[in-house]
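Using this note's numbering, the first residue of the sequence shown is number 4, and each one after it goes up by one.
Bear in mind the hints are in silico, worked out from the structure with no lab data behind them. Using N, Cα and C, we set each Cβ at its ideal position, and we do this for glycine too. Check before you lean on any hint, since a few could be wrong.
[Claimed, not checked] 25 Å max Cα-Cα, derived DMTMM-like pairs, lysine to aspartate or glutamate:
| no. | residue 1 | residue 2 |
| --- | --- | --- |
| 1 | K86 | E30 |
| 2 | K39 | E90 |
| 3 | K84 | E30 |
| 4 | K86 | E42 |
| 5 | K84 | E42 |
| 6 | K39 | E91 |
[What the hints assert, rightly or not] With beta-carbon atoms standing in for the labels, derived distance ranges:
| no. | residue 1 | residue 2 | range |
| --- | --- | --- | --- |
| 7 | L88 | W47 | 24 to 30 Å |
| 8 | G62 | R34 | 35 to 41 Å |
| 9 | P59 | K39 | 32 to 38 Å |
| 10 | C57 | M31 | 34 to 40 Å |
| 11 | H65 | E30 | 41 to 47 Å |
| 12 | L76 | L36 | 19 to 25 Å |
| 13 | P59 | K84 | 33 to 39 Å |
| 14 | L64 | P89 | 39 to 45 Å |
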Amino acid sequence: MAHFTHLFHACAVHESRFTIHYSPPFEMTFRRLSAKYLEPGFMWLMVFGIIALCQPWVGWLHAWGVSITFLGLVGFSIFSKIKPLPEED
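My request is simple: use the sequences and hints to build the entire structure.
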C-alpha cells in the first residue's frame with residue numbers, strides 16, 4: 004500500500020465520513036500535449052515534406068511535397084506559440 008501513497012493528495016475524515024481526494028501525479032493538459040507531441044510532430048512533417056520534395060522516385064509524393072511542407076509550417080507556427088504553464092511546487 005505504500006507505493007500508492009503518491010496517488011492520493013489528501014485524505015480527510017469529515018463528519019464521520021472518510022473521503023479520499025484523488026490527485027493524479029501528472030495531468031496532460033492541451034498545453035503540455037501541444038509542447039510534447041504536436042509541436043515536434045509538425046516539425047517532423049516539415050522535414051518529411053522537404054524530403055518528399057527532393058526525392059525523384061515517387062511522383063505523387065514529389066507533387067505534394069510543397070503542400071506537406073506548408074502544412075507542417077502552419078501547424079508548427081500555431082502550436083509553437085502555445086507554451087505550457089509553469090509548474091507549481
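Status of the hints after comparison with the structure:
1. K86 x E30: The hint holds at about 15 Å.
2. K39 x E90: 15 Å, holds
3. K84 x E30: 20 Å, holds
4. K86 x E42: 10 Å, holds
5. K84 x E42: 9 Å, holds
6. K39 x E91: 19 Å, holds
7. L88 x W47: 24 to 30 Å: Between L88 and W47, where Cβ atoms are some 25 Å apart, the hint holds.
8. G62 x R34: 35 to 41 Å: 40 Å, holds
9. P59 x K39: 32 to 38 Å: 35 Å, holds
10. C57 x M31: 34 to 40 Å: 36 Å, holds
11. H65 x E30: 41 to 47 Å: Holds, at about 43 Å.
12. L76 x L36: 19 to 25 Å: 20 Å, holds
13. P59 x K84: 33 to 39 Å: For P59 and K84 the Cβ distance comes to about 36 Å; the hint holds.
14. L64 x P89: 39 to 45 Å: Since L64 and P89 have Cβ atoms about 41 Å apart, the given range 39 to 45 Å holds.
The earlier numbered hints are all upheld by this structure, with none contradicted.
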